[in-house]
Amino acid sequence: MPFKYQNYKYTCLVMMLLRILWSASYLWVMVHGAMMVPVLRESWQNRFWTSRMKYLLAYTTMLPFSNTTEFSIFILIFLVLFSIFRFSRCRFSGSKDSQLGEKIPLDFRIWSGLIPYLIVFLFCWALTTLFIVLKIFGVGRRAKDKHLLNIYCQLGMALLFKLLLLSNMTVVCCRSWGLLMLIKREPDQPLYNFNNFGDHLNAFFRI
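Quick note: to get the numbering used here, add 1376 to the position in the sequence shown (first position is 1).
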């Protein structure tokens, strides 16, 4: 006989908290991925008679890992999650009768929590991607050395990572736009929402 699932008292609450954590982690990783930039460093490799210049590729971020930077990023993430929670008309756990709260219009107050995060992501992505492309052309002029060919391939992989990052964010934005339009078209009459905040985050970010 198949196992029968038993809904424990705090199962919904724990899953909701985990989905909030996963959503915040996803948004945090995407921003830091957009800020990632490769740096080409030169070092001399000393031999017995001669010295040879060796190129090393390291990775850093546009902004340093400081308390101010991380606090600003978490403020942007909080605004995104709060805007989704406010517009979805749901509770953290359990269901919500829409009679308890009126329908929130999709206006500037909602977009003001979503757009700043997208602006920061796109600005960091565009700037670092342009830097990678310029580095690829710069290394390509000196790609006769076999070691430089290795650096050239690593820069190509960094550019591919940036493209995958943008494609992932594009898919999330398109899906979120569609869900926001569906919520916007909900009737203004009383309805019963069986989904909590974690379920809505799962629909937006597929976590």
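Hint data in this document are derived by calculation from the structure and do not stem from the laboratory. Among these hints, one or two may not hold up.
[Claimed, not checked] Now the in silico label distances, taken between C-beta atoms and shown as ranges:
| no. | residue 1 | residue 2 | range |
| --- | --- | --- | --- |
| 1 | 1391 | 1507 | 39 to 47 angstroms |
| 2 | 1389 | 1503 | 17 to 25 angstroms |
| 3 | 1445 | 1389 | 41 to 49 angstroms |
| 4 | 1432 | 1548 | 16 to 24 angstroms |
| 5 | 1537 | 1462 | 51 to 59 angstroms |
| 6 | 1430 | 1388 | 34 to 42 angstroms |
[Claimed, not checked] Simulated crosslink set (DSBU-like; lysine-lysine; CA at most 35 angstroms straight-line):
| no. | residue 1 | residue 2 |
| --- | --- | --- |
| 7 | 1538 | 1430 |
| 8 | 1538 | 1560 |
| 9 | 1430 | 1511 |
| 10 | 1511 | 1538 |
Virtual Cβ for every residue (Gly too), placed ideally from N, Cα, C.
So which of those numbered hints doesn't the model satisfy? 2, 3, 4, 5, 6
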